[in-house]
Amino acid sequence: MNNSRPIDVLEKARGKKVIVRLKNGSDITGALQAFDLHLNIWLEGAEESRNGTSTKLGSVLVRGDTIILISPE
Amino acid sequence: MNNSRPIDVLEKARGKKVIVRLKNGSDITGALQAFDLHLNIWLEGAEESRNGTSTKLGSVLVRGDTIILISPE
Amino acid sequence: MNNSRPIDVLEKARGKKVIVRLKNGSDITGALQAFDLHLNIWLEGAEESRNGTSTKLGSVLVRGDTIILISPE
Amino acid sequence: MNNSRPIDVLEKARGKKVIVRLKNGSDITGALQAFDLHLNIWLEGAEESRNGTSTKLGSVLVRGDTIILISPE
Amino acid sequence: MNNSRPIDVLEKARGKKVIVRLKNGSDITGALQAFDLHLNIWLEGAEESRNGTSTKLGSVLVRGDTIILISPE
Amino acid sequence: MNNSRPIDVLEKARGKKVIVRLKNGSDITGALQAFDLHLNIWLEGAEESRNGTSTKLGSVLVRGDTIILISPE
Amino acid sequence: MNNSRPIDVLEKARGKKVIVRLKNGSDITGALQAFDLHLNIWLEGAEESRNGTSTKLGSVLVRGDTIILISPE
Numbered sequence: 001m002n003n004s005r006p007i008d009v010l011e012k013a014r015g016k017k018v019i020v021r022l023k024n025g026s027d028i029t030g031a032l033q034a035f036d037l038h039l040n041i042w043l044e045g046a047e048e049s050r051n052g053t054s055t056k057l058g059s060v061l062v063r064g065d066t067i068i069l070i071s072p073e
Numbered sequence: 101m102n103n104s105r106p107i108d109v110l111e112k113a114r115g116k117k118v119i120v121r122l123k124n125g126s127d128i129t130g131a132l133q134a135f136d137l138h139l140n141i142w143l144e145g146a147e148e149s150r151n152g153t154s155t156k157l158g159s160v161l162v163r164g165d166t167i168i169l170i171s172p173e
Numbered sequence: 201m202n203n204s205r206p207i208d209v210l211e212k213a214r215g216k217k218v219i220v221r222l223k224n225g226s227d228i229t230g231a232l233q234a235f236d237l238h239l240n241i242w243l244e245g246a247e248e249s250r251n252g253t254s255t256k257l258g259s260v261l262v263r264g265d266t267i268i269l270i271s272p273e
Numbered sequence: 301m302n303n304s305r306p307i308d309v310l311e312k313a314r315g316k317k318v319i320v321r322l323k324n325g326s327d328i329t330g331a332l333q334a335f336d337l338h339l340n341i342w343l344e345g346a347e348e349s350r351n352g353t354s355t356k357l358g359s360v361l362v363r364g365d366t367i368i369l370i371s372p373e
Numbered sequence: 401m402n403n404s405r406p407i408d409v410l411e412k413a414r415g416k417k418v419i420v421r422l423k424n425g426s427d428i429t430g431a432l433q434a435f436d437l438h439l440n441i442w443l444e445g446a447e448e449s450r451n452g453t454s455t456k457l458g459s460v461l462v463r464g465d466t467i468i469l470i471s472p473e
Numbered sequence: 501m502n503n504s505r506p507i508d509v510l511e512k513a514r515g516k517k518v519i520v521r522l523k524n525g526s527d528i529t530g531a532l533q534a535f536d537l538h539l540n541i542w543l544e545g546a547e548e549s550r551n552g553t554s555t556k557l558g559s560v561l562v563r564g565d566t567i568i569l570i571s572p573e
Numbered sequence: 601m602n603n604s605r606p607i608d609v610l611e612k613a614r615g616k617k618v619i620v621r622l623k624n625g626s627d628i629t630g631a632l633q634a635f636d637l638h639l640n641i642w643l644e645g646a647e648e649s650r651n652g653t654s655t656k657l658g659s660v661l662v663r664g665d666t667i668i669l670i671s672p673e
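Protein chains in written order, with the working numbering: chain A, 1 to 73; chain B, 101 to 173; chain C, 201 to 273; chain D, 301 to 373; chain E, 401 to 473; chain F, 501 to 573; chain G, 601 to 673.
No lab work stands behind these hints, which were simulated from the structure alone.
Do not take every clue at face value.
Quick list of in silico lysine-lysine cross-link-like pairs, DSS-like style, CA-CA up to 25 Å [unchecked claim]:
{"hint": "1", "chain 1": "G", "residue 1": "612", "chain 2": "C", "residue 2": "223"}
{"hint": "2", "chain 1": "B", "residue 1": "156", "chain 2": "D", "residue 2": "312"}
{"hint": "3", "chain 1": "C", "residue 1": "256", "chain 2": "E", "residue 2": "412"}
{"hint": "4", "chain 1": "E", "residue 1": "412", "chain 2": "G", "residue 2": "617"}
{"hint": "5", "chain 1": "B", "residue 1": "116", "chain 2": "D", "residue 2": "312"}
{"hint": "6", "chain 1": "A", "residue 1": "23", "chain 2": "A", "residue 2": "56"}
{"hint": "7", "chain 1": "G", "residue 1": "623", "chain 2": "D", "residue 2": "323"}
{"hint": "8", "chain 1": "E", "residue 1": "416", "chain 2": "G", "residue 2": "612"}
{"hint": "9", "chain 1": "F", "residue 1": "556", "chain 2": "G", "residue 2": "612"}
{"hint": "10", "chain 1": "F", "residue 1": "517", "chain 2": "G", "residue 2": "612"}
{"hint": "11", "chain 1": "D", "residue 1": "356", "chain 2": "B", "residue 2": "123"}
{"hint": "12", "chain 1": "F", "residue 1": "516", "chain 2": "G", "residue 2": "656"}
{"hint": "13", "chain 1": "D", "residue 1": "323", "chain 2": "F", "residue 2": "523"}
{"hint": "14", "chain 1": "C", "residue 1": "212", "chain 2": "E", "residue 2": "416"}
{"hint": "15", "chain 1": "G", "residue 1": "623", "chain 2": "B", "residue 2": "123"}
All values derive from a computational prediction rather than experimental measurement.
All chains should be built: construct the whole structure from the sequences, respecting the hints.
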């Protein structure tokens, strides 16, 4: 366990649905296609929810520095 | 799929219309001409919408660190 | 003691429960699975509490630059 | 088109009038004299407008990290 | 004196009580166990006070970029 | 003109009066003594004005990352 | 004069009283013991004033990225 890295939790989530919480207060869900060390992520079938309102985004690139946390479902 | 990068979603969107959501709450749409690893982007035929108001921008360079997400239409 | 590093307090907390305070005002608790030098962390069995409301997150990757402090229980 | 860079839109605008939108909500217009990779820019004949009020600035160096976007007229 | 560094004030405070003022407005006190060049710090017997309320934290790692100042008692 | 850099506008202003607009909303005027690539600047005979109130500062070092723009008079 | 650096104004102020203005709106005064290129500074006999209230701090390390300006008295 001592050699595992935080980003390994994302390796296991490739192709699966994740929830992404942003600094601006919205949540984005989608299937995780790719990510890098800055936590830039590419989601497919993405949907944004904020203050109880949902918006479909489809393919989306989310900039890593706007992300608080990423949680696989 | 394991070798894909987040930015690949933009490679496929070159010359096509994208929606860019900014940290200040506005959305910019336009045809994606170029981008770099900082997510600085160059759009043509760009239009900004904020609080229900639209402004034509034409050619525009958007600084990457002001961007939350980029979504191809 | 002169050679100890701040991150050593996390080495001793691997696999144990920690409290993570975020810049947005919420607290996240969970078992510390992994961390890196940016303080990106991976928690298991995570739960977020904010303004008296609790949300289960399960596995979660928290971005280091959103963290104020990490305290082992 | 694949080799163009975002900053190329500025190369074409040298000596011409551009609009610069700042993070603090003001717009600055002026003739683009020089720029660098951080998007620091030097404008001549610059004028700032904010909340409907205009101020003449003349020569001005604008720090790149305060800029949201730059659009050639 | 010309060769002293700001961080030397912390070298002399190792093992002693310090007050740490955070950007979010709270103060944390505790015995300084370790620190690094980013001003990440590890405190023991830490206690947080904010708006007149105190919370015991025990061992804590405080991220350097959330710190305004550190003052040995 | 193609080889000029944004900072060249400051080279020409050495020893002369400049106006510096800060991110916190205040303006500082003074004679430009020195500057570096981060736009840290040293002013002499500096004066700060904010919300219509003026304060004499004399010699002052202004940190580059707090600056929006610098304009020679 | 062309070779002087902004930080030279601090070299001349070593051991003397300086005023430090912080991004959070408070001012700290004290005798400048040491500083580095990030503008981290070590003050002795420091005192913080905010909204008309003064607090004695004694020895203090102020993190450079919280500083707006430093002015020797």
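Evaluation of the provided hints:
1. G:612 to C:223: Violated, because 38 Å separates the two Cα atoms, which is more than 25 Å.
2. B:156 to D:312: Roughly 19 Å separates the two Cα atoms, so the pair holds.
3. C:256 to E:412: violated, 43 Å
4. E:412 to G:617: holds, 22 Å
5. B:116 to D:312: holds, 21 Å
6. A:23 to A:56: It holds: about 19 Å lies between the C-alpha atoms, which stays within 25 Å.
7. G:623 to D:323: holds, 17 Å
8. E:416 to G:612: violated, 32 Å
9. F:556 to G:612: Roughly 19 Å between the alpha carbons, so the hint for residue 556 of chain F and residue 612 of chain G holds.
10. F:517 to G:612: holds, 22 Å
11. D:356 to B:123: The hint is violated at about 28 Å.
12. F:516 to G:656: violated, 38 Å
13. D:323 to F:523: Holds, because 9 Å separates the two Cα atoms, which is no more than 25 Å.
14. C:212 to E:416: Since the Cα atoms of residue 212 of chain C and residue 416 of chain E sit roughly 21 Å apart, the hinted pair holds (cutoff 25 Å).
15. G:623 to B:123: Roughly 21 Å separates the two Cα atoms, so the pair holds.
Comparing the model with each numbered hint stated earlier shows that hints 1, 3, 8, 11 and 12 do not hold.
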